[in-house]
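**Student:** Here is what each chain is made of, one letter per residue.
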Amino acid sequence: MADLLELTATEMTAALERRETTSRDLVAASLARMASLDGQVHAFLSTRSEAARKEAEAIDRRRLAGEKLGPLAGLPVAIKDNLCTSDGLPTTCASRMLEKFHAPYDANVVEKIRAADGVIVGKTNLDEFAMGSSTENSAFGPTHNPWNLDLVPGGSSGGSAAAVAARMAPLALGSDTGGSIRLPASLCGVVGLKPTYGRVSRYGLVAFASSLDQIGPFGRTVADVALMLQVIAGWDGRDSTSVNRPAPDYAAAVRSASAQGLRIGLPREFFAAGLDAEVERLVREAIAVYEKAGAKLVEVSLPHFAYAVETYYIVATAECSSNLARYDGVHYGHRTAEPSDLIEMMSRSRAEGFGPEVKRRIMLGTYVLSSGYYDAYYLKALKVRQLIKGDLDRAFAQVDCLMGPTSPTAAWPLGAKTADPLAMYLSDIYTVSANLATIPAVSVPCGFTAAGLPVGLQIMGDVFTEDRLLAAAAIIERERQDWQRRPGMLAGDGKAVQT
Amino acid sequence: MTDRTVKMIVGLEVHVQLKTRTKLFCGCQTSFGDEPNSHCCPVCLGLPGVLPVMNREAYRLSVMAALALHCTVAPHTKWDRKHYYYPDLPKNYQISQYDLPLGSDGYLEIETEAGRKKIRILRAHLEEDAGKLLHAEHGDYSEVDLNRTGTPLLEIVSQPDLATVEEVRAYCMSLRQIVTYLGVSEANMQMGHMRFEPNINLHITENGEKHATPIVELKNLNSFRAVERGVAYEERRQLAEWDETHSRMKAGTKTTRGFNDSTGETFVQREKEEANDYRYFPEPDLVVVEPKPEWIDELQRGLPELPLEKKNRFVTAYGLSEYDAGVLTATIEMARYFERVAELSAAPKPAANWVTQGLTREINTRGLSIESAADFPVTAERLAELVKAVEQGTISKTIGDTVLSEMIDGKNSAAEIIAAKGLAQVSDTAALERMVDEALAANPGPVADYRAGKKQALGRLMGAIMKASGGKANPKVVSGILEQKLHQ
Ligand SMILES: [Zn+2]
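Heads up: the sequence lines are chains A and B, in that order. Just so you know, we're using our numbering here: the first sequence kicks off at 1 and counts up by one. Just so you know, we're using our numbering here: the second sequence kicks off at 1001 and counts up by one.
Don't take each hint at face value.
As the list claims (entries may be wrong) - From the derived model, a few chain B residues whose C-beta atoms are all more than 10 Å from chain A:
| no. | residue |
| --- | --- |
| 1 | R1081 |
| 2 | H1083 |
| 3 | K1091 |
| 4 | N1092 |
| 5 | Q1159 |
| 6 | A1226 |
| 7 | D1277 |
| 8 | R1279 |
| 9 | D1285 |
| 10 | E1290 |
| 11 | K1310 |
| 12 | I1332 |
| 13 | K1476 |
| 14 | H1487 |
Said to hold, decoys possible - Here are the in silico distance ranges between beta carbons for each label pair:
| no. | chain 1 | residue 1 | chain 2 | residue 2 | range |
| --- | --- | --- | --- | --- | --- |
| 15 | A | G88 | B | N1037 | 37 to 47 Å |
| 16 | A | S371 | B | K1132 | 26 to 36 Å |
| 17 | B | N1037 | A | K100 | 49 to 59 Å |
| 18 | B | S1038 | A | E344 | 38 to 48 Å |
| 19 | A | S371 | B | E1057 | 52 to 62 Å |
As the list claims (entries may be wrong) - So the derived list for chain A, only partly shown, Cβ under 7 Å to chain B, looks like this:
| no. | residue |
| --- | --- |
| 20 | L205 |
| 21 | V206 |
| 22 | S371 |
Everything labelled a hint here was simulated from the structure, so no lab data went into it. Fair warning: this is a prediction, and the values are worked out from it, not measured in the lab. Virtual Cβ for every residue (Gly too), placed ideally from N, Cα, C.
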């Protein structure tokens, strides 16, 4: 076997079951890859090496003893650093505010990964409190795109996407509030899924915008994402918004994928001004693959699409201003030195603890909730949110899924948009609707630009149709096999971990 | 002096702590007086990433209270966040209910000397309590105790229908009576289970012109007495202020004042209502609550008899006086106790007298409480036995008092005490005849008086016989024999 880390999670599991490798070796390879490359990529904010090694060895022993193991048995898993972990790693949200915060409890998804015998190898970088589209808003420095280190990985789950793209871990978790899984998946050439709101418990996900946040998986292949989704999906009594509804067999859906008779909606608005020509070409080529395979293409319209970004930024910032009110230096988190009184303690702790984008959103959100502005902004945004959902409901009455680009462009240079928040916000133009409408959406690689940068195809479906979305995504994956292509930076590194 | 009338207008906001085992949004135990921060978890500490889950019991108790207050129970209610920065509020927002309270448009019927009156209830909603700030004895800092954080509070807001201090008192007391009758709150005033915030102003008519004085909200009163005194003080103060400044109410504004228990005066807390913008918005972490109509009906049917209904029934069914019925329905424990005694003794009226008089006297002198079974040795069964003994003539009323006193101090039943001390009345005719004969022989004067037509002399003879018998002679039997012998 050449490079263990070239295996997908599904392949690793098969190799482990055939005793061709061990969890100890997989985790060691993962940690070695992080050690050799993460200085350049900066996908991780913290790593667990000793603990991860021990867990891997314990799983190997259990395997030898013939014990029944969980579906992630022995697989290295990376998780976004806005998911609470109580095992010694801090939960920083890439913020000075929580730099030293150690959660006393595990997020629901972390419990599930452990119960499934996954081995958490580290926590990944993100835009501070998941607010951003490039992972440049991290208080601890940006993540670089493994396909080109001068470019952004997308955000906010850029660390998780880059970790999977650079084969540091076969699986990762992110969170998606307006595209924070799908955008970096697209820009890093991996598969990323935002599940239906309520499909995965948010308990232990540090909230950015509660009505939009959803945890989801990254993997190099659709099958890997299906594997991870199966583990994390499900009802949780600690999250009132999680939905008590059995999860279908996602892997089975992926295996039986067929485009025959699939009705694919193409939103007219997704192929309009602002979409990069090369991205458009790749996305259209991908759609043609579906048509050739027997799918029926239907042009649809989402009349309120034009308001989605504005609506999103009002709803998201309003909730963010409330969710982040708790960080005041009183009970935990950063506290300013020597405050003269309570008000100063709170305001200076916040001024010092939060970065500029977080402050911008808190102020925007505070404004839209203020008396006298609530109706004009927040309430109106809620109404438009319903209209956007209505557009999508109508579309799904006609078609099985919608397809279009995930991002208007491929990855852009670090620093290119940091001075222009509005330009940055427009990176989410195709992704925010799914969050507003609570529907699932997946980004799956659909080719590379001339410059060798990955492009993602976004597939959106009605609520709780993750199985169908993953099946649809598997079709283009099977056709293109993009997951086998390696970022250039791995060219020399693979040898180091050959066995 | 001009010709004027002054009318006080009071509305009340009352926070009632619900009797739930756990907090409103997490599994922590509700507590009082425990080690600071010993009943906390990530959820009530407001740690990053936690989510609230509604305590269904708190909601059920709230709906019961809303129904008892004749409110409409909202078919669709939701939660809202109320934002303000304070160190005892870990999330810096309180989860409350803003525009869709769980109950609205009800009333509470109160009773004063002036009669009965319906006070309209504007709304009833659930919210979480904050923690407590303790100012450190040494050093310029405060300490935070979050044990109370997240404790469920039912806020009941009345319309400004209260016009006198008496009505305010009656409202507060009858609200407490109702929530304890329902069992939705322990309503322990010492533990701060009820907190009152009256809104007060005056409507003054002078020479046919009507004026309203600025509205004052008194904050955080936690006893009936504080409410009474605070409202009474405000009534006087606002009138004096009117005479001095003639300042009038401005729409949408109110001044917040505190009440000083030792001086009995109110004082300004916030002169002008600060631009308090709580930025309410729907709590996205909780789902809307849509109670099934059948569930509400079931609760409605299961509501216990409320204090005024019970009082009415005691008057009509048992023939008690309004006063006695009021005393016996003051607390649910008292009412239950009385009814049990009435039922077991099959003598409701005497039972009422025993409970309101003898028993109450004995309890008061000993500092016992009928509300607490542990503190109170005379069960209804035991008192009923005593009532029966008196009613059946086994012992006299006077002996009964002695027996009751011994029952409270010891463990013996009425029958045991009567038997042990030989207190049973003597109804044996032969023995009594002997006593009567002896009395007639020893008291020739009264006998002569009686025979001469002075009927009141009979009392003196009776007294002499009772005294001679140690109170044990059955007075009915004695008076029969006595009259018979006197007429011989
Ligand atoms: Zn708690």
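**Student:** For every hint, state whether the structure bears it out.
**Tutor:** Here's how the hints hold up against the structure:
Not every CB of chain A lies more than 10 Å from the CB of B:R1081, the least distance being 6 Å, so the non-interface label is violated. Listed as outside the interface, B:H1083 is inconsistent with that label: its C-beta sits roughly 6 Å from the nearest C-beta of chain A, within the 10 Å cut-off. The beta carbon of B:K1091 is not kept farther than 10 Å from every beta carbon of chain A, the shortest such distance being approximately 5 Å. Not every beta carbon of chain A lies more than 10 Å from that of B:N1092, the smallest distance being close to 4 Å; the non-interface claim is violated.
Under the 10 Å C-beta cut-off, the non-interface status given to B:Q1159 relative to chain A holds; the minimum distance is some 24 Å. Under the 10 Å C-beta cut-off, the non-interface status given to B:A1226 relative to chain A holds; the minimum distance is some 28 Å. The beta carbon of B:D1277 sits about 5 Å from the closest Cβ of chain A, which is not more than 10 Å, so the claim that it is off the interface is violated. Against chain A, the non-interface label of B:R1279 is violated: not every CB pair exceeds 10 Å, the least being about 4 Å.
B:D1285, annotated as away from the interface, has a beta carbon of chain A within 10 Å; the closest lies near 5 Å. Interface exclusion of B:E1290 from chain A stands, the closest Cβ pair being 13 Å apart, more than 10 Å. Residue-level check passed: B:K1310 sits 39 Å from the nearest beta carbon of chain A, beyond 10 Å. Annotated as non-interface, B:I1332 keeps its C-beta farther than 10 Å from every C-beta of chain A; the closest such distance is 34 Å.
Look at B:K1476: its CB is around 70 Å from the nearest CB on chain A, clear of 10 Å, so calling it non-interface holds up. Every CB of chain A lies more than 10 Å from the CB of B:H1487, the least distance being 87 Å, so the non-interface label holds. Taking the beta carbon of each, A:G88 and B:N1037 are about 24 Å apart, not inside 37 to 47 Å as hinted. A:S371 and B:K1132 have their C-beta atoms about 29 Å apart, which keeps the hinted 26 to 36 Å range intact.
Against the hinted window of 49 to 59 Å, the Cβ-Cβ separation of B:N1037 and A:K100 comes to about 20 Å, which falls outside the hint. The supplied range of 38 to 48 Å is broken by B:S1038 and A:E344, whose beta-carbon atoms lie about 30 Å from each other. Look at A:S371 against B:E1057: about 34 Å separates their beta carbons, and that is not inside 52 to 62 Å. Proximity of A:L205 to chain B holds as hinted, the smallest CB-CB distance being about 6 Å (cut-off 7 Å).
The criterion of a C-beta within 7 Å of any C-beta in chain B is met by A:V206, whose closest approach is roughly 4 Å, and the hint holds. Using the Cβ-Cβ criterion of 7 Å, the hint placing A:S371 at the interface with chain B is satisfied: the shortest such distance is roughly 5 Å.
Hints 1, 2, 3, 4, 7, 8, 9, 15, 17, 18, 19, counting from the list given before, are not met by this structure.
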